[in-house]
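Colleague: Let the hints inform the model, and build the full structure from the sequences given.
Listed here are the chains, written in short residue letters.
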Amino acid sequence: MEKTKPIELLEKIRAVNPLIHNITNIVVANFTANGLLALGASPVMADAVEETAEMAKAANAVVLNIGTLNERIVDAMILAGKSANENDVPVVLDPVAAGATHFRTETAQKLLQEINFTAIRGNASEIANLIGMKSKIKGVDAGETNLDAGELALRAAKELNTTVVVSGKTDAVSNGSDVYLVHNGHPILTKVTGTGCLLSAVCGAFLAVEKDPVTAAVSALVMYGTAAEIAREKARADLPGSFQIEFLNQLATLSAEDLEVYGSFEKKAGIIQ
Amino acid sequence: MEKTKPIELLEKIRAVNPLIHNITNIVVANFTANGLLALGASPVMADAVEETAEMAKAANAVVLNIGTLNERIVDAMILAGKSANENDVPVVLDPVAAGATHFRTETAQKLLQEINFTAIRGNASEIANLIGMKSKIKGVDAGETNLDAGELALRAAKELNTTVVVSGKTDAVSNGSDVYLVHNGHPILTKVTGTGCLLSAVCGAFLAVEKDPVTAAVSALVMYGTAAEIAREKARADLPGSFQIEFLNQLATLSAEDLEVYGSFEKKAGIIQ
Amino acid sequence: MEKTKPIELLEKIRAVNPLIHNITNIVVANFTANGLLALGASPVMADAVEETAEMAKAANAVVLNIGTLNERIVDAMILAGKSANENDVPVVLDPVAAGATHFRTETAQKLLQEINFTAIRGNASEIANLIGMKSKIKGVDAGETNLDAGELALRAAKELNTTVVVSGKTDAVSNGSDVYLVHNGHPILTKVTGTGCLLSAVCGAFLAVEKDPVTAAVSALVMYGTAAEIAREKARADLPGSFQIEFLNQLATLSAEDLEVYGSFEKKAGIIQ
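Protein chains in written order, with our numbering: chain A, 1 to 273; chain B, 1 to 273; chain C, 1 to 273.
To be clear, the hints were calculated from the coordinates, so they are not data collected in a lab.
Everything numeric in this text was worked out from a predicted model, so none of it was measured.
It is possible that part of the hints are untrue.
Copies of the same chain look alike in the list, so a pair counts if it fits in one copy or across any two.
[What the hints assert, rightly or not] When the alpha-carbon atoms are kept at most 30 Å apart in a straight line, the in silico DSS-like pairs for lysine-lysine are as follows:
#1 Lys110 / Lys234
#2 Lys3 / Lys57
#3 Lys169 / Lys12
#4 Lys169 / Lys3
#5 Lys12 / Lys134
#6 Lys134 / Lys57
#7 Lys82 / Lys268
#8 Lys134 / Lys110
#9 Lys3 / Lys234
#10 Lys5 / Lys134
#11 Lys82 / Lys267
#12 Lys57 / Lys267
#13 Lys5 / Lys110
#14 Lys3 / Lys134
#15 Lys234 / Lys82
#16 Lys268 / Lys57
#17 Lys134 / Lys234
#18 Lys211 / Lys5
#19 Lys3 / Lys82
Modeller: Listed below in structure tokens is the structure:
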């Protein structure tokens, strides 16, 4: 993957304004919509069973987020996901807090069975849960496993037969054969709710303009992490209120030069498969 | 309509703090409540079928927004709208993304049949959809028709027998005979989610203190667009995060002088009816 | 209660990051999560009947908020509350707009019957409604009674057999015998939606690290009001947008020195019981 890909894809999103259909939770719906708008994408939130198949068909990407689930919304997600699959629309899963309750774990498994996901993004605990590994989960934010992010992404991508994005201090992306590591980002992201959820939606926006899921996901992570680093610099201290606003500003104004200077990713070699 | 009406009505809202009952979507509920509070109104969100009729009766205006619909909420909206009609409480429709799915189009029609709306506010695509005109709709934000905003507002107001507000580069308001154009506003409003939804709620606040729907809506648009222009100046660049915060500040602090200097509207003459 | 308690408990929250399970409304979910994160707590929102009992058991505190109720969510709250009671997890009630509709009043009574609350936080109108006193209620924000806050808190605490927090110009906390008054806070808090709801969640965070409900609640109020005072100073004027952001910053950065300088509470003497 070329170093200029994140720039190229960001410019494409800003030029074509892909429509991203989100079925998401009540906590992050506003931040997700504002983040996608700032980026140049066109968000739509619709979660009624009467309309999700139709909306998914019209969208350029679909993002399913299980943050505040209920039975009605799970049905709406399955309809949206199946419609996306039938119409060749990329579809992303964000398994928020999978493992925290049996309902979340089972819902995530049900979605994995019914829908072919183009990509799955979660933190290490959530991804570990999807493949039946035990890990400590606390709420929706934390989550640590003993496995290295790259190894976890690779193993999950193989087992789930899709592209897996593991977010953390270092992010990892794997399609089951290649593994990429992304070094951008800032810890203050964990002090603003919905930054993981928005990242999944942003992966959807990149998938809308790039066929290869690994290229799309790595580009999304580099762009997102760079925006966070610059926003943190502008906020001057660990101020989660100011950071949240600056981060939206950066998603809207991030330049090719910023991505050239800050962007940092690598293809991991020597993975034992 | 006198040039000082927006000032007069804004001061009235700040003095009497009208209670605005919103049935709205999960994306914009927070921004709508904060915008109404900043303006001086008193927002309440309640969407349970068990209580919407009672809440609507107690309110000074009701605003129905179909942004994230489901069957339960449609029932709650009909109960609220009928109660508002019975109790002479003004009621506003925001037909978010009408035309984007059959469910939205049909729900909007159902609400139009069951409820007498005091005013309807949408972008050109949404309004065109309500009167059966075809238009391109993409997501919830964009939407263009070939019709001039003033002509569209006039035609829709006649067909729907109410006051119609068409938001866009130039806003238009018509009650089926008169047409007003409002020239305030700024394109960055389209980069913050819920600015259209909040505008509908703000129309509700103005209707709560002014009987004539055209006067109320034009005043709301002038005030809202002026706040946006000043907020954009304060944000110094097209920064959607900073703009969102400055816009709330402006809704709270906008002065009579600001409205005198910035306010720009006209009665359109020579409409071919 | 020692003057240094608020500092001690704030530091404990930042050290142990208690998991706070919120069942809350669509208006304030985002602000509540961001406020808890800024404070150092770990928020989780989950409102499906399939999972609330399990989530409540895993949490360090549960906060039930009736802001945008429906039948499904009431069931989920009862399951969460009963589970919290069985597992010795503190549980807080925020009876948003109790009294505004029969449904809210009845739901609040139902929750009081089914669940043993560790603390209840509301404005004067809401608390008065819980004990059958008439008061004017307008929307969800305002609310005045003729009773002094301290007397109201005492009376409600006795009748409801729990710790009651009455928010207002002066806040009052009572467990039915002692009464504390807290003098921190700023009126601009009433111009940002969800500041009451977040305060209830913050009470949950303090209850997670302190067994005595009065000590926890008074500490929460002192900390919260101090953060508001400093944030208002930083915002330089009554700007609700800027204040909202600065307030999140202050929740994250408030120091022991700030609490020493600003913190102001007293034990009320001579209450006629």
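Colleague: All hints are to be evaluated individually against the structure, with a verdict given for each.
Modeller: Okay, the hints, checked on the actual structure:
1. Lys110 / Lys234: neither (42 Å within a copy, 49 Å between copies)
2. Lys3 / Lys57: neither (32 Å within a copy, 47 Å between copies)
3. Lys169 / Lys12: For Lys169 and Lys12, both the intra-copy (28 Å) and inter-copy (25 Å) Cα distances are at most 30 Å.
4. Lys169 / Lys3: within (21 Å within a copy, 39 Å between copies)
5. Lys12 / Lys134: Answer is between; shortest inter-copy Cα gap is 28 Å, intra-copy 40 Å.
6. Lys134 / Lys57: between (36 Å within a copy, 19 Å between copies)
7. Lys82 / Lys268: Cα proximity of Lys82 and Lys268: none, with 33 Å in one copy and 49 Å across.
8. Lys134 / Lys110: within (19 Å within a copy, 39 Å between copies)
9. Lys3 / Lys234: within (25 Å within a copy, 36 Å between copies)
10. Lys5 / Lys134: Neither: 36 Å inside a chain and 38 Å across chains, both beyond 30 Å.
11. Lys82 / Lys267: neither (32 Å within a copy, 50 Å between copies)
12. Lys57 / Lys267: Neither: 34 Å inside a chain and 42 Å across chains, both beyond 30 Å.
13. Lys5 / Lys110: Neither way: Lys5 and Lys110 sit 34 Å apart in one copy and 47 Å across, limit 30 Å.
14. Lys3 / Lys134: neither (36 Å within a copy, 44 Å between copies)
15. Lys234 / Lys82: Neither way: Lys234 and Lys82 sit 42 Å apart in one copy and 46 Å across, limit 30 Å.
16. Lys268 / Lys57: For Lys268 and Lys57, neither the intra-copy (36 Å) nor the inter-copy (41 Å) Cα distance is at most 30 Å.
17. Lys134 / Lys234: neither (39 Å within a copy, 46 Å between copies)
18. Lys211 / Lys5: within (12 Å within a copy, 54 Å between copies)
19. Lys3 / Lys82: Answer is neither: 34 Å inside a copy and 55 Å across each miss the 30 Å cutoff.
Violated hints, listed in ascending order, are 1, 2, 7, 10, 11, 12, 13, 14, 15, 16, 17 and 19; each of the other numbered hints is respected by the structure.
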